[in-house]
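Each residue of the sequence shown is one higher than the one before, starting from 1 at the first, in full-length UniProt numbering.
There's no promise every hint is true.
Derived BS3-like pairs (lysine-lysine); straight-line CA-CA distance at most 27 Å [unchecked claim]:
no., residue 1, residue 2
1, K108, K24
2, K40, K7
3, K68, K54
4, K7, K119
5, K119, K160
6, K54, K40
7, K108, K119
8, K47, K7
9, K160, K7
10, K24, K119
11, K139, K7
12, K68, K47
13, K7, K28
14, K47, K16
15, K47, K160
16, K139, K28
17, K28, K16
18, K68, K16
19, K54, K108
20, K108, K40
21, K7, K24
22, K28, K40
Bear in mind the hints are in silico, worked out from the structure with no lab data behind them.
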Amino acid sequence: EILFNEKVALVTGVGKDIGREIAKALCKGGANVYGLSRTKELLDTLKEECPTIKTVCCDLSDWNTTRKAVQDIGPIDLLVNNAGIVILQSFFEVTPEVFDQVMAVNLKAVINVSQIAAKTMIDRSVGGAIVNISSISSKRALGNRTVYSASKAGLNQITKAMAVELGPHNVSTSIFDLLQWKL
Numbered sequence: 001e002i003l004f005n006e007k008v009a010l011v012t013g014v015g016k017d018i019g020r021e022i023a024k025a026l027c028k029g030g031a032n033v034y035g036l037s038r039t040k041e042l043l044d045t046l047k048e049e050c051p052t053i054k055t056v057c058c059d060l061s062d063w064n065t066t067r068k069a070v071q072d073i074g075p076i077d078l079l080v081n082n083a084g085i086v087i088l089q090s091f092f093e094v095t096p097e098v099f100d101q102v103m104a105v106n107l108k109a110v111i112n113v114s115q116i117a118a119k120t121m122i123d124r125s126v127g128g129a130i131v132n133i134s135s136i137s138s139k140r141a142l143g144n145r146t147v148y149s150a151s152k153a154g155l156n157q158i159t160k161a162m163a164v165e166l167g168p169h170n171v172s173t174s175i176f177d178l179l180q181w182k183l
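Generate the whole structure from the sequences, applying the supplied hints.
Here you go:
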């Protein structure tokens, strides 16, 4: 069992599945957890399951609204970028709208939220950790996942770049490539 002793953790995509379980485990480990999701109803049920969690309802694809919501949290010790969307389309069906929608959440939001969290870690000279949740799709081609796979491969590279830049400030950055989630 890992104890987080009042550390502040932000987990994105806590509405269901992986993010929800990560947030609950962090609460159990003693962290002060902020859970972010775009779906208020799912946040409400999470709050019932885990009364100590602080919920933030926010659409990560909206850069400025997200920045404000995350800045309002204050200093962050641990960030888990879990939020992601999958829109199944064949290569020939990909539209600019779908491409932009997936990239806005799966890549741009990671940069946006990570910038804010990392700045709070560096400004306090305490370091911290950023964990990005990826997918086996980042390394293995699967049908109808052209944009999703590209977004997760991009996430892997963004994580490596973040590690190079944030490491000297004692901010660790890591990635977890998860097995293909049942879609």
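**OP:** With a cut-off of 27 Å on the C-alpha distance, tell me whether K139 and K28 pass.
**Re:** With a Cα-Cα distance of about 33 Å, the restraint between K139 and K28 is violated, given a limit of 27 Å.
**OP:** Would you mind confirming whether the straight-line C-alpha gap from K24 to K119 stays at or under 27 Å?
**Re:** Holds. K24 to K119 sits at ~25 Å (cutoff 27 Å).
Original post:
Given the hinted pair K160 and K7, is their alpha-carbon gap at most 27 Å?
Top reply: holds, 24 Å
Subject >> Given pair status - K47, K68, alpha carbons within 27 Å >> reply: It holds: about 22 Å lies between the C-alpha atoms, which stays within 27 Å.
**OP:** Given the hint that K28 pairs with K40, test it: the Cα-Cα distance must not exceed 27 Å.
**Re:** holds, 22 Å
Original post:
Within 27 Å, alpha carbon to alpha carbon, are K7 and K119?
Top reply: holds, 16 Å
Subject >> Restraint check for K47 with K7, where alpha carbons must lie at most 27 Å apart >> reply: holds, 19 Å
**OP:** Could you grab the alpha-carbon distance between K139 and K7 and see if it respects the 27 Å cut-off?
**Re:** violated, 33 Å
Original post:
K68 and K54: Cα distance at most 27 Å?
Top reply: holds, 16 Å
Subject >> Proposed proximity, K119 with K108 (alpha carbon, max 27 Å) >> reply: holds, 17 Å
Original post:
Can the restraint linking K7 and K24 be considered satisfied, given a maximum Cα separation of 27 Å?
Top reply: holds, 14 Å
Original post:
Regarding the pair K108 and K24, is the alpha-carbon distance no greater than 27 Å?
Top reply: holds, 25 Å
Figure legend: structure checked against the earlier numbered hints; hints not met, in rising order: 11, 15, 16.
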